[in-house]
Amino acid sequence: MSRPRIALEEVWLTYLTPRGAVPALAGVNLEVYPGEFVSIVGPSGSGKSTILSLIAGILAPTAGRVLLDGEPVTGPSQRVGYMLQRDYLFEWRTVQENCLIGPEVQGQDLGRARERVTRLLAKTGLSAFADAYPDQLSGGMRQRAALVRTLAIDPDILLLDEPFSALDFQTKLMLADEMWSLLRAERKTALLVTHDISEAISMSDRVMVLSQRPGRVKSVHEITFAGPERPLPFKARSAPEYSGYFQRIWAELDQPGR
Amino acid sequence: MVHVPQEALVAAYRRQQRRRRATVAAAQVALLAAVLVLWELAAGRHWVNPMLTSRPTAVWQTLTQMIASGSLWLHLGVTLRETLVGFAVGMALGLGVAVVLWWWPALAEVLDPYLVVLNALPKIALGPIFYIWLGHERSVYGMAVAISVIVTVVMLHAGFGEVEANQILVMRTFGATKGQILRKVVIPASLPTLMAALKVNIGLTLVGVIVGEFISARAGLGYLIIYGGQVFQMQLVMTSVVILALISALLYLAVTWAERVVSRLLHLPPRR
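Note that the protein sequences, when read in sequence, are chains A and B.
So for the first sequence, the working numbering puts the first residue at 1; every next one is plus one.
So for the second sequence, the working numbering puts the first residue at 1; every next one is plus one.
Worth flagging that the hints you see were computed from the coordinates, not collected in a lab.
Do not rely on the hints blindly, as some may be mistaken.
Claimed, not checked - Here are the in silico distance ranges between beta carbons for each label pair:
(1) LEU115/B with SER44/A: 35 to 41 Å
(2) LEU169/B with ALA122/A: 25 to 31 Å
(3) PRO72/A with LYS199/B: 25 to 31 Å
(4) TYR15/A with ALA196/B: 33 to 39 Å
(5) THR23/B with ASP168/A: 44 to 50 Å
(6) GLY179/B with ASP131/A: 25 to 31 Å
(7) TYR114/B with SER44/A: 41 to 47 Å
(8) ASN29/A with VAL100/B: 43 to 49 Å
(9) ASN29/A with LYS178/B: 33 to 39 Å
Since the structure is predicted, the reported quantities are computational estimates derived from the model, not experimental observations.
The beta-carbon is built from N, C-alpha and C at its ideal position, and this holds for glycine as well.
Whenever a hint applies, use it, and build me the whole structure from the sequences.
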């Protein structure tokens with residue numbers, strides 16, 4: 001395979017608090033290749049989100065290296081889009097204006113960004129709401145808008161921090177299919193953090209299991225399904241291979257109180 | 001199924017609501033009229049000493065005289081100018097200091113106890129100091145600004161701190177600079193707080209101006225009230241108080257109206 005798009009080499013991260021040092025990551029190694037969809041699952045507090053913050057350049061590792069295409073991360077990059085658990089849209093901006101905040105901040109060509117946003121809003125079924133304000137949107141629509149906002153800067157890499165966790169079950173399943181297809185079509189490299197094993201298996205090429213705090217990569221599972229084409233996440237959930245993956249990853253996860 | 005005549009019900013409900021509003025408005029007018037009549041009667045029949053209470057007809061007479069001689073516009077103009085200038089300067093200064101404190105949190109930490117003390121201090125006590133430092137005219141502005149600026153700083157700085165941290169995180173993931181975060185998130189998200197500060201301050205500034213005029217001015221409504229008291233012309237005092245009540249109500253309404261317009265135009269979030 002080619003050079004990894006994202007690489008973490010022996011990454012340690014320790015949070016300093018008035019009560020002392022809290023180790024969050026203890027020697028994490030991971031590689032994500034161009035166009036791959038990789039998930040990280042782990043118990044809460046295992047440092048899943050910390051890994052995303054490191055790649056996004058919001059945090060610096062205490063030790064070890066974080067690389068994008070072989071280059072060390074020094075700060076937020078235009079190549080990385082970061083999607084949070086909730087949309088955090090700006091109430092005083094329309095959907096379109098919200099989606100343009102990234103290009104605006106980065107000083108990108110706003111004409112081209114507007115074209116891209118218009119196209120993405122159409123793909124996510126939000127065209128009619130481009131001039132609406134966030135308070136007029138449902139939860140699923142808001143999270144779609146947040147996805148468009150993230151993609152508006154045209155990043156190669158998408159970091160997804162439990163982007164479905166605040167949604168109801170039905171919306172979550174629908175949005176997973178939509179988002180997955182969109183990211184595939186746009187050939188984005190995606191790293192999803194979640195505590196939902198089903199979500200991870202149904203969407204990913206590989207699933208990494210993190211240990212309890214301080215987090216380390218415990219195991220990596222290649223996810224493949226029979227057939228000429230990868231099934232959509234919703235279909236994957238009922239594929240024959242699915243339950244085998246589920247059992248294995250479930251066994252790997254450190255269950256609290258065990 | 002029982003047929004319910006919806007339109008008739010709604011019409012009846014609306015009629016009832018309208019009647020209720022009309023009754024409240026009528027009662028409000030009646031209350032004012034009753035007070036005026038009682039005041040006039042009490043003074044006219046010497047139930048109370050009219051030297052001490054004045055009376056509505058005397059107030060009206062004074063008012064028409066003041067309008068005729070033009071002195072009303074002089075004093076009203078002075079007080080209004082002092083209030084509006086003091087208000088604008090107080091708000092601008094308060095906003096500026098709040099931004100500086102947001103930008104340098106360490107500075108905010110250092111200044112915190114002093115802000116608490118200054119906020120608690122009755123600014124009116126500073127009147128004589130302003131008089132000596134700034135002279136009889138400018139001291140009124142000093143008073144007006146002093147009374148509104150600290151509360152503005154405290155309110156806005158607190159408002160800035162309440163901005164959703166994850167909205168700022170969204171900006172940081174795009175690599176936004178501190179200035180961009182301030183302009184595009186912190187200020188717009190704090191506009192409802194700014195509006196609340198405007199409402200508080202228009203009243204406070206008027207207090208500052210009147211007290212400033214009490215201490216040192218040679219014109220303005222506060223000056224008229226003090227002067228009227230000193231020469232024992234209660235009709236002058238009462239007239240000035242009535243005018244003051246009217247303009248403070250008008251200024252408050254103006255700010256409330258501006259708030260509504262700005263909120264609609266900018267689609268502001270409700271104040272948290």
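Evaluated hints:
1. LEU115/B with SER44/A: 35 to 41 Å: Hint holds: Cβ distance 39 Å, inside 35 to 41 Å.
2. LEU169/B with ALA122/A: 25 to 31 Å: holds (28 Å)
3. PRO72/A with LYS199/B: 25 to 31 Å: violated (51 Å)
4. TYR15/A with ALA196/B: 33 to 39 Å: holds (36 Å)
5. THR23/B with ASP168/A: 44 to 50 Å: Cβ of THR23/B to Cβ of ASP168/A: about 47 Å, so the range 44 to 50 Å holds.
6. GLY179/B with ASP131/A: 25 to 31 Å: The hint (25 to 31 Å, Cβ to Cβ) holds, given that GLY179/B and ASP131/A are roughly 28 Å apart.
7. TYR114/B with SER44/A: 41 to 47 Å: holds (42 Å)
8. ASN29/A with VAL100/B: 43 to 49 Å: Check passed, 45 Å falls within 43 to 49 Å.
9. ASN29/A with LYS178/B: 33 to 39 Å: holds (34 Å)
Violated hint: 3 only; the structure is consistent with all others.
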